[in-house]
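Use these hints to put chain P onto chain L, whose structure you have.
Order-wise, the sequence lines are chains L and P.
Heads up: the first sequence begins at 1 in my numbering, then just goes up one per residue.
Heads up: the second sequence begins at 1 in my numbering, then just goes up one per residue.
Please keep in mind that the hints were generated in silico from the structure rather than gathered at the bench.
Hints may contain errors.
[As the list claims (entries may be wrong)] Anything over 12 angstroms on all C-beta distances counts as not near chain P; from chain L, calculated: (1) Ala60; (2) Glu173; (3) Asp231; (4) Asp245.
[Said to hold, decoys possible] Below, in silico cross-link-like pairs of lysine-lysine (DSBU-like), each with a Cα-Cα straight-line distance of 30 angstroms or less: (5) P:Lys393 x L:Lys28; (6) L:Lys209 x P:Lys486; (7) P:Lys349 x L:Lys190; (8) P:Lys393 x L:Lys190; (9) L:Lys260 x L:Lys142; (10) P:Lys418 x P:Lys356; (11) P:Lys461 x P:Lys403; (12) L:Lys22 x P:Lys228; (13) L:Lys163 x L:Lys270; (14) L:Lys142 x L:Lys259; (15) L:Lys22 x P:Lys356; (16) L:Lys28 x L:Lys159; (17) L:Lys163 x L:Lys209; (18) L:Lys28 x P:Lys418; (19) P:Lys457 x P:Lys349; (20) P:Lys403 x P:Lys393; (21) L:Lys209 x P:Lys487; (22) L:Lys220 x L:Lys142; (23) L:Lys209 x L:Lys259; (24) L:Lys190 x P:Lys487; (25) L:Lys190 x L:Lys167; (26) P:Lys93 x P:Lys55; (27) L:Lys167 x L:Lys75; (28) P:Lys538 x P:Lys414; (29) L:Lys268 x L:Lys167; (30) P:Lys228 x P:Lys356; (31) P:Lys461 x P:Lys360; (32) P:Lys487 x P:Lys414; (33) L:Lys190 x P:Lys474; (34) P:Lys403 x L:Lys190; (35) P:Lys55 x P:Lys486; (36) P:Lys461 x P:Lys415; (37) L:Lys190 x L:Lys268.
C-beta atoms are modelled at their ideal positions from N, C-alpha and C, and glycine is treated no differently.
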Amino acid sequence: MKKLSLIFLLAVAALFVVSCDKVDDPLKPVDPVYPDDSTGVKTVLIKDFTGVRCPNCPGAAETVHQLQHLYGEDKVFIMSVHAGYLAQPAPTFPDFTTEEGTAWYGTSDSNPLFNVDHVDLASESLSVNEVDMPLSNALSEKQVFDIEIINNYDTATRKLTTKTNVKAVSEAEGNFYMTSCLIEDSIVGKQLTLTGSDTSYVHRNVFRKTLNGAYGVMFKEGYVYADEEYDRQYEISLDSEYNADQCYILSYVFDNNTKKIYQTAMTKVK
Amino acid sequence: MKRLVLLSAMLMVVLAVRAQSFIENAQINGSFQTDAQVYMEDDGIGITSESIDGKKFAVNGFGKVAYAYGNFSAGIRFEAFQPPLNGFREELKGAGLANFYASHDNGFIGITVGDFYDQFGNGLIFRTYEEWSLGMDNSLRGVRTVFRPIDGVILKGVYGRQRYYWAPYRDRDMTISDERGLVRGVDGEWDINQSIQSLNDAKFRVSIGGSFVSKQQEDQSMFYYIPKNVGSFAGRINLGYGRFTFSTEYAYKINDPSAINNYIYKEGQALLASLSYSQKGLGIVLQVKRIDNMSFKSMYTAQENDLDINFIPPINYTHTHSLPSMYTYSTQPNGEMGAQFQINYTIPKGTPLGGKYGTKLALNFSQVNDIIRDSINDNGMMVLNMPGTDGYKSSFFEASGHKFYRDINFEIDKKINKSWHVNAQYINLFYDMATIEGHVGMPDVEANIVALEATYKINTKNSLRLELQGLWEKINKNSDVDESEKKDYLKRGDWAFALLEYTFASRWFVSVADKYNYGNPFSEYRDHYYTGSIGFVKDATRVTLSAGRQSEGVVCVGGVCRVVPASSGFTLTVSTSF
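Excised from the complex, chain P in its bound form:
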């Protein structure tokens, strides 16, 4: 008995010491964010008690904490959408532990169990990620292993089921609306220069990689044989020589009939290639891509961006100004072909045009077209994109004349002196609204946009920023449009935007802005969207309170978009991290 007591006491001392060590030598970090909105009626922009439908207050919030001790790490994330903000999917409504994991990685081998995020190559056949501003989370719950047998070689394996809002993870008794499949994948990457010592510092650099991802799903279709296992593979290569870099990835997916591709059995293909050159003061990038039937979801009936296993990177300029970002391109997984060219040049300091601080110039061109689709012979009948067939045939190197998007923009950024900093941008935009937003029959957007920004630093703690933007669109102002279609024109026509922001005492800022749709084809939509904001920033804590109107628009991150309806009221955002 005495021995048992002694043993227990010793064990407790050891545990206490270990526990102390687990706390004192650990790293803990976390972040929290709350976005809350109060919705109010506003007859001026058509927001009535019926359109609010009783939803006067909405909150999206999350808190996550990560713990690391030596080779061990673990974390949790709690989310609450009570109810979700306007524009977020109603399926998000609820609160709970959305994500948790534990991981051990000793540099040679690493294992993660729980919910995890990862990406193979560019993500053409596998990428799980979380994007708070979109309400998107396609994490895998399962096991992830990483194996590094020699320097420069990384092998990965993933296995699990994807998050689908708050649907429980279960294998049996699944309803039709929750028939998520299992996702399995492996990836290998070899950095040849890192593996071979004599090539460590070589001018010529090579790395190659390959991945294979498969989903296993249940066939619940009455009409079609849905493949139970859908495999996809991708190969990639990165080459570098001096200032040049070339990278490319090709992906292939076998027959994967789904609600997105209209249940066709055609194979999917994707190609992404990028060539870049950089030196001090000059950067040039050329990118091309072709996507053909590459929606890859772990549930074949899933719609929109739900349960995406893969990710199709956009190759378009990401606009940050308010007016051009109303027309942001959303990638088309059923087919698109695009190219982007970007050149950045800094006029050196001390030259007449460069001045004391240099002048930054940037030119960007990007265009995305549809792919060509020709009908095929299916058992003696010519069909095009018909369910239960191979759908269509498409020439790999030819683009259709149907243009989805084109953006030509030029930007000058100049620090004039210690007090003044100015930025100007011109944008010429083409946007196929019918395809990108699904507003069938809508005319294309062809717009010229100018954005001017000036910052005046009054002293080290106070500054003033002015932003002016104008958007001019070629649209018939006397459009003969049916009454029921008018709402699709809510953001069409000419716009003007102005913002004045004053930052004081380093930590506070206050701003007023107005966005005016003065050239809308319909007089009833020529509205002002005015907002006033006040905010406080200290270290990693930011608090912002805004009041006013929000115009209808889209929020896009990485080519994935969600529609934000017009609203009026107050918005409070609080975020902090440690």
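Bound-form chain L, shown alone:
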């Protein structure tokens, strides 16, 4: 019996020794996997469908921003689209909902949801843990278009003239559209978190509206060949509640048949 007791005690001691791993530095080292030189400067857009009353959204947004940091902030853009039940207006919470965001959100029923280089959730819907692989794949794709945005903002009148120039850098076939969006970054407002309400939460890259509709405007149907160029110009008045210093124009080109986005660019309004 003594032997049995001894064996039991030894087993317990062994279990104690091997069964605890204390992690002192939780973050894994950044080891970016940039695209090959041959893929040029292919950029990728992540749409983060979020809500001010979604307690899981801040953590998910943080995760996606770490991905952006990992792959390069000049190659990965994030647009926070407030849509869905948890984004709906409620007393004391800011209202960031938009008609376009609601259209992209469609019949989805939860937050946070994401997509990578897709216009709406009907064409792709991902949980935060599923973003990494499509993002890595998208960054490895061959670049088809180059986008240049030229903004001219009049501080006195708050009038913005923005021109998006799309240039094909390789051949492709599709039903190509372009959408221009107004984004406001770093808006301080109430957000529900896992530990309660945070009244001074910083909302990053909030989608405010499009300049040409939820599904943009067509510029080419069929084949595009290298060096073909198209441009679209828009004039808008910036709402007084928007901080022009924090506003950006984000434009992307997509195939309206598949709703797949080919290229994205983002430029400050001022």
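Okay, now just chain P, sitting in the frame of chain L:
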């Protein structure tokens, strides 16, 4: 050759005799249950063909058989969810052998192989159990040993992988959605009075215990170093002196980032303490608990109640009446601090208030608040509950002002004479619906509830039972609520409930009931939920057939809850055991 034939014949005789003995001297018991529902459209409560989505019939069923012969026992359980009833997880869909085991225990040492259930102490770091009404089963498949070296000492060891619906148990080629870790644990308990002969009958009683449980998991995270081994330990002590009993258990868990705690690396802690006093006609219990980051699952990405290794006991009154049980508290593993006080007193027989049979009184108070969370400095930046950090700091003995739940109730139970038995209960309830049910932005429930019950025994075989309940809630009836949020108010506002049950010929019962949400803030939700039931009970067999509407609610057992959506149709329950 002849020798071989003779040997074979002898062997067969011995086996036949043993087999006969295995059957005749064995104990076999089992139980079976089938819950079936037919779902029907009901425009009155918003159940349409779209919301039913083709699911017109659902069945949950199980059958289990256990065999015992001397020190040996074995058992199996078969389950079928074809498809699961509304409110049960769709992952349950399927049928098969869910549980089997074989065990040998000679009193000194016991070994179980297969699927088993066990608990260390209060379960703060280890409890596997099965709860049919929740569709929950977190059994371990592996090996369990029990060792009793001397009187009063029990040592246990467990090792295995938890059940995860119908996911196969396998070590290799696991997909991301099935990355269950291994669970290993040991527990020791020493009843000092039992071990030391001179203390066997002592007035002062002491037992102590301790456990250690660890999970081994694979790190599949891209961003964070997930610890491959997460250990937890707990210590407990039970003291008794005369009519007083005091017991307490403290548990500690090392860094365990998970989807539930937002991938923070803070340690987890839990404390449970209970002091009670009892004498004839009087019982007093005071309980306190503090839980901080104590979700412990064998898969760090698991959600809800999936793959729980531990169990956090609730310290709240368990309501059985229909209306208060709509707002049952669900434990918050990320943090809560609560207390409960219960006093039971029986006014003695033969006194003016006690009457011929005595009068039972019970008063209960319980409240649970959030814990305090303060931001921490992480590499020069102040953060709060940020993934990849230690999350927050929290003062151990301080509760937050954020109240999750409060229940004050008073009950009188009185047998008036041989024919009449009455029971009355008043409940004052506070329920943080936004936190407990996840309906973000919903106002708290502050309700007064009265439940009255009277049973009239007509004769030895026939009786009549009447139950009346009312729930009055302080809620703004002119709430300016967005159309899409209205459905969260489905069970809010004032309710009335009535039930009449007639039991006849000892074995049959028939009942009619109506639950009416007459004070819902929105007129379209002021619905009647009427049901009619008929049932038959004989020995351990019970058959019940109900028809009517079921309101939306939650079913909670031990602080673990599942949401039951509203439905309309028929329900048949058949259960038996032998």
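Cross-check of the supplied hints:
1. Ala60: Non-interface label fails for L:Ala60: nearest chain P Cβ at 9 angstroms, not farther than 12 angstroms.
2. Glu173: It holds; L:Glu173 is separated from chain P by about 34 angstroms at its closest Cβ, greater than 12 angstroms.
3. Asp231: holds (39 angstroms)
4. Asp245: holds (23 angstroms)
5. P:Lys393 x L:Lys28: holds (23 angstroms)
6. L:Lys209 x P:Lys486: holds (27 angstroms)
7. P:Lys349 x L:Lys190: violated (61 angstroms)
8. P:Lys393 x L:Lys190: OK: P:Lys393 and L:Lys190 at ~22 angstroms, within 30 angstroms.
9. L:Lys260 x L:Lys142: Roughly 14 angstroms separates the two Cα atoms, so the pair holds.
10. P:Lys418 x P:Lys356: Since the Cα atoms of P:Lys418 and P:Lys356 sit roughly 10 angstroms apart, the hinted pair holds (cutoff 30 angstroms).
11. P:Lys461 x P:Lys403: violated (48 angstroms)
12. L:Lys22 x P:Lys228: holds (9 angstroms)
13. L:Lys163 x L:Lys270: Roughly 14 angstroms separates the two Cα atoms, so the pair holds.
14. L:Lys142 x L:Lys259: Distance of about 17 angstroms is within 30 angstroms: holds.
15. L:Lys22 x P:Lys356: violated (65 angstroms)
16. L:Lys28 x L:Lys159: Violated, at roughly 45 angstroms.
17. L:Lys163 x L:Lys209: holds (16 angstroms)
18. L:Lys28 x P:Lys418: Not satisfied, since the Cα-Cα distance of roughly 73 angstroms exceeds 30 angstroms.
19. P:Lys457 x P:Lys349: Distance of about 21 angstroms is within 30 angstroms: holds.
20. P:Lys403 x P:Lys393: holds (19 angstroms)
21. L:Lys209 x P:Lys487: holds (29 angstroms)
22. L:Lys220 x L:Lys142: Cα-Cα ~19 angstroms, so holds.
23. L:Lys209 x L:Lys259: holds (19 angstroms)
24. L:Lys190 x P:Lys487: Given that 30 angstroms is the threshold and the Cα spacing comes to 24 angstroms, the pair holds.
25. L:Lys190 x L:Lys167: violated (41 angstroms)
26. P:Lys93 x P:Lys55: holds (13 angstroms)
27. L:Lys167 x L:Lys75: Since the Cα atoms of L:Lys167 and L:Lys75 sit roughly 17 angstroms apart, the hinted pair holds (cutoff 30 angstroms).
28. P:Lys538 x P:Lys414: holds (28 angstroms)
29. L:Lys268 x L:Lys167: Between L:Lys268 and L:Lys167 the Cα gap is close to 20 angstroms, so the pair holds against 30 angstroms.
30. P:Lys228 x P:Lys356: Judged against 30 angstroms, a Cα distance of about 65 angstroms means the pair is violated.
31. P:Lys461 x P:Lys360: holds (26 angstroms)
32. P:Lys487 x P:Lys414: Given pair P:Lys487, P:Lys414 is violated - Cα atoms ~40 angstroms apart, limit 30 angstroms.
33. L:Lys190 x P:Lys474: holds (26 angstroms)
34. P:Lys403 x L:Lys190: holds (21 angstroms)
35. P:Lys55 x P:Lys486: holds (25 angstroms)
36. P:Lys461 x P:Lys415: Holds: P:Lys461 and P:Lys415 sit about 18 angstroms apart, inside 30 angstroms.
37. L:Lys190 x L:Lys268: holds (25 angstroms)
Figure legend: structure checked against the earlier numbered hints; hints not met, in rising order: 1, 7, 11, 15, 16, 18, 25, 30, 32.
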